[in-house]
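A.B. asks: Take a look at the letters that make up each chain.
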Amino acid sequence: MKKLLQVTNIVSGYLNRPVIHGVSLEVNENSSVAVIGPNGHGKTTLLRTLSGFLPLRGGSIFFNGNDASHMRVQKRVEAGLVHVPQGDQLFSDMSVEENLLMGAYLQRDYSNTNKKLENIYDLFPKLKERSGQVASSLSGGERRMVGIGRGLMTDAKLMIFDEPSLGLAPLIIEQIYEALQELRKSGMAILVVEENPSRILNFADKICLLDAGHIVWSGTVDEAKSSSHILQTYLGG
Amino acid sequence: MDVLIQIIITGITLGSMYALASVGLSLIFGTLGMFNMAHGLFMTLGAYAAYSAAISLKIPLLLGIFIAMGAGALVAIVTHLAVVRFMLGNSEFGMNVLVATAGIGIILEDLLLKIYGGYPYPQVLKVEGLVKIANVAITYQAIIICLVALLLISSIAFLLMKTRLGRGIRATAQNRDAAMLMGVKSDTVFLQVMALAGMLAGVAGLMISTQATLSPQMGGDPLLKAFVICVVAGLGNVWGAGLCAFGLAIFEATIGFYIGVRFGFPAMLLLVIAVLIWRPQGLFGQEKVVRL
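From first to last, the protein sequence lines stand for chains W and X. Quick note: the first sequence, position 114, residue 116 per this note's numbering, numbers continuous. Quick note: the second sequence, position 270, residue 271 per this note's numbering, numbers continuous.
So that you can see chain W by itself, here it is in the shape it has in the complex:
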């Protein structure tokens, strides 16, 4: 299987304080990888480094065969590396539909846009009802759906999700993960970060544990389940 994202030994952080100390991971085409770990151990920092907001201080990032280590944020988006950030980061004065259409900002050819929009409305029927409503008036779950939907409007090859379950009620988390499952079935490569691993176990092909800026363990879901040490430390079993 083709390697889509190859991260080798990267170091990154804020100012002179590294948060990520030599992390390596890979995401293949048509696969899903989950990074789990406690809060404050660098999960969001890792993702912000992958999408180019934080400069790389060591190691390399290859995306789709190209060196993306020092690529600018929008170049990575153009290449198909799309990051759905934590806390949704919607355009608060725009309507739901305008937010979604911003995802298609880089596409000069609009012939596909309506079809994509319909797909997202199929995935999240709630958003169709709310399409004209301004984003700042949405509930937490609806905001998450817009954030994910906006990411899906891009021409993504790899979608990165930063804690898609954060701050949502269990029922809504269920809906969000059903949508991500749909997305996975369609063949999209996915990298997802979560603090709570319970959602990940029937979703990811591979799990990496991030602790204090290091990947301390990685393996398949079955391996994680059979390793009592891993379960006890991180999966709450």
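I should point out that these hints are in silico values taken from the structure, not numbers from a laboratory. From a predicted model like this one, the values you see are computed outputs, not experimental measurements.
Listed below are the simulated DSSO-like cross-link pairs for lysine-lysine, each with C-alpha atoms no more than 30 Å apart in a straight line:
{"hint": "1", "chain 1": "X", "residue 1": "K163", "chain 2": "W", "residue 2": "K117"}
{"hint": "2", "chain 1": "W", "residue 1": "K118", "chain 2": "X", "residue 2": "K186"}
{"hint": "3", "chain 1": "W", "residue 1": "K5", "chain 2": "X", "residue 2": "K186"}
{"hint": "4", "chain 1": "X", "residue 1": "K186", "chain 2": "W", "residue 2": "K159"}
For this one, chain W is given, so just place chain X on it according to the hints.
C.D. replies: Quick look at chain X alone, frame taken from chain W:
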């Protein structure tokens, strides 16, 4: 009745000039999050550029407007490329850029003083004459000012709401990181915003100079008023800035007529203070809601 019409016309003419000045200022604040203290000098330079072109080349007013726009845009672009862009992303950006743009303003003002001297010139690019409707006299220049402002501000509105460029600007203003994640080039957006605001400022300067005189300090007063308008409207709210420009100008004109011109601006400031005590976020500003 005539008095009322006269006041409204004076107010709208003033408001047109204020709107040209404050819409650009608000656009810059909304997108880059900076107080552009050099905005007054963008206006002054627009006025002087048109004046110089008119003196040496005998151009008509219409061409002068384009020259003022070009001069304003040029100095705004240079300000961005030479100074502002190096400060972006710094945690002290807001304060640093305030000081830096104030410095740029002072340097440019001194430069103008050196080249043209401190003597105020009358603006030669000006249409003379007036038309009388009923008992109210309206100068042709006032009509031109209103038309130019209407045309330019509606063009900006169209650009912001209906074009891809505008979508990029609005997205960047509302959430810079998210806009970048959609593939918007924020550096380019900042440059575009500076150029647009500079264009509006240049024209504002030219229009203001037709109503008063050209002097290196001429931008100071409109800059102050534009700031006040932006704050009352709610910082970064471009539509609000446009509306408040007209509202406050009509208020200023009313006070100016009934109590005396010199009381117009102080009265406007008193009104502004009252508004800000009542609505600290500005008339059209939203209260900041922090949510995860």
